[in-house]
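Dock chain B with the ligand against chain A, hints included.
Sequences listed follow chains A and B, in order.
Residue numbers are given in this note's numbering: position 74 of the first sequence equals residue 55, and the series is strictly consecutive.
Positions in the second sequence are counted from 1; adding 2 to them yields this note's numbering.
Hints should not be assumed to be uniformly reliable.
[What the hints assert, rightly or not] Here are some chain B residues the structure puts well away from chain A; computed CB gaps all over 10 Å:
#, residue
1, Lys5
2, Asp32
3, Arg75
4, Gly81
5, Arg99
6, Ser105
7, Leu129
8, Val138
9, Asp240
10, Val311
11, Gly327
12, Glu351
13, Ser357
14, Gly373
15, Ser374
16, Lys377
[As the list claims (entries may be wrong)] Once the Cα atoms are required to be at most 30 Å apart in a straight line, the calculated DSS-like pairs of lysine-lysine come out as:
#, chain 1, residue 1, chain 2, residue 2
17, A, Lys3, B, Lys38
18, B, Lys276, A, Lys26
19, A, Lys22, B, Lys236
20, B, Lys276, B, Lys377
Quick caveat, the hints were computed from the structure, so don't treat them as lab data.
Idealized CB from N, CA, C, for every residue including glycine.
As a plain string of letters, each chain reads:
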Amino acid sequence: MTKTVLCHCEDVEIDELYSAVKQGYGDIETLKRYTGIGTGKCQGKCCLVQTLRILASLDTPAERKTAGGDASELMGDPRKIRLPTIRPPLLPMRIDDILEENGERR
Amino acid sequence: MTKTAEIVVIGGGVSGLSCAYNLAKRGVNDIVVLEKGYIGMGATGRCGAGVRQQWGMEENIILARESVKIFERLSGELGFNTFFRQGGYLLLVFDEREFELVSKTVPIQNRLGVPTRLLDTKEVADLVPGINTDGVLAAAYCPTDGFCYPYAVLWGYAEAARRLGVQIRVCTEVTSVSPVGSGRYEVVTPRDTYHTPIVLNVAGARTKDIAAMLGIEIPTEPFRHEIAVTEPLKPFLDPMVISLKKGFYFLQSVRGEVVGGIGDENEPSSFNTKSSPDFLFRYAAALREIFPALGKARIIRQWAGLYDVSPDARPILGTVDGHPGYYHACGFSGHGFMLSPIVARLLSELITAGSTSIPIGGLELSRFSEGSITKDPYVVG
Ligand SMILES: Cc1cc2nc3c(=O)[nH]c(=O)nc-3n(C[C@H](O)[C@H](O)[C@H](O)COP(=O)(O)OP(=O)(O)OC[C@H]3O[C@@H](n4cnc5c(N)ncnc54)[C@H](O)[C@@H]3O)c2cc1C
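Extracted from the complex, chain A is given alone in its bound form (with noise of 0.2 Å):
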């Protein structure tokens, strides 16, 4: 059986993304969540894109749950498709160098 790693930071492979979509964890903001996907280290860099590329091609009705409901406004008409809410910072910053740019030197 083939493997295709989506997310190498959190570990996620493509069958995990389609199984979380059907379990109707598919909308961004809780697919990130449920699956880890965009959270890890590179922040999303690697595997964003391709899971929204993913998430625009599916178009069954069953497709469109989410947890608990109907979420076609999440994340039914493609066109609506995109990226979940992009936090700070923008680059994985170590706390030494946060402080020394506050003008906090140890």
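Coordinates of chain B with the ligand only, in the frame set by chain A:
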């Protein structure tokens, strides 16, 4: 389309979903939960999900203790791993006043069955390798406190509620609530309108806005609280480490990330949930002071959510005179996650049986018009 429901729950946070589940478990059919965005979009999905029984007031200790009993069995009950981990809460004591407070309070917690004990600095250092105890006089440690993954709790409640027939509608914002006679309310959303005898208003920081639609005034205020997470590290930290005086909390999630926050006394009341560089600096400084080795760790993400703060920092639960069939739960003031299991049980008792197994009289909205209120000294941030 106009539909009917036995109970309409407004808000898909931990309060809404835990109440819906408990109501369904008690035999209510035809429950609808209306959530304006996705499940967990409010405070619940942004919170630290810490669960502690170390409180100052007896009433708070009892509620938290009962919640912990439920959390201990919740994964099994819901058939969903909530990742509840009882690594304890370590409350660091930084001055004489705090020392007096914990020395007075720990025996009360013990009497109520909460196994908190005082630790000296050596015991603190043994419990948490790498912690900097400079300035720390002592600590209060309760080994049965802990934390969950908040989304897992939400999804667990949602799935269990759905199995019991609860309908959960996401992307469905309530735009109006009004009485329509014969003891019914009309709840309007852009999708459907619901007629229902019972409204449960648990819309987090927006609870007061929904209540205002019915002429009910709730004296809560929203305050931004920020939170940040590091890259995953090897497991090194069991307890949640907190300080009342400095207003911080740090935990290491089961994924290894250090998650935490620090309050800001100068934060004005607002609905702002933007992240700020100011928080990042203050948080980084506080974290490195307590864990010097984390200077080398990287922060990967920060975000913010709202505390819905009541005048005495205690929740507002129950009914409102003159509004039969209306119930609410809000004003959790930064500790609504830990109280949600017991609050859901008590509210579902109140709604289905008219009384509660633990008195909640002291938490009704009416307390604010009846004179004196007491604030718990164990509020963080
Ligand atoms: C940074 C941070 C850290 C925290 N840490 C902890 C902690 O460690 N331990 C703890 O116990 N608590 C903590 N809290 C507090 C805790 O998150 C809250 O008390 C709790 O989650 C409240 O749950 P709720 O369901 O009442 O509200 P919410 O989770 O806010 O849910 C309300 C829901 O109602 C929805 N809504 C609003 N208006 C409408 C409308 N008109 N129509 C339909 N839906 C609507 C919202 O979208 C939201 O999803 C923290 C909070 C923050 C912000």
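TODO: Hints the structure violates: just list their numbers, smallest first.
DONE: none
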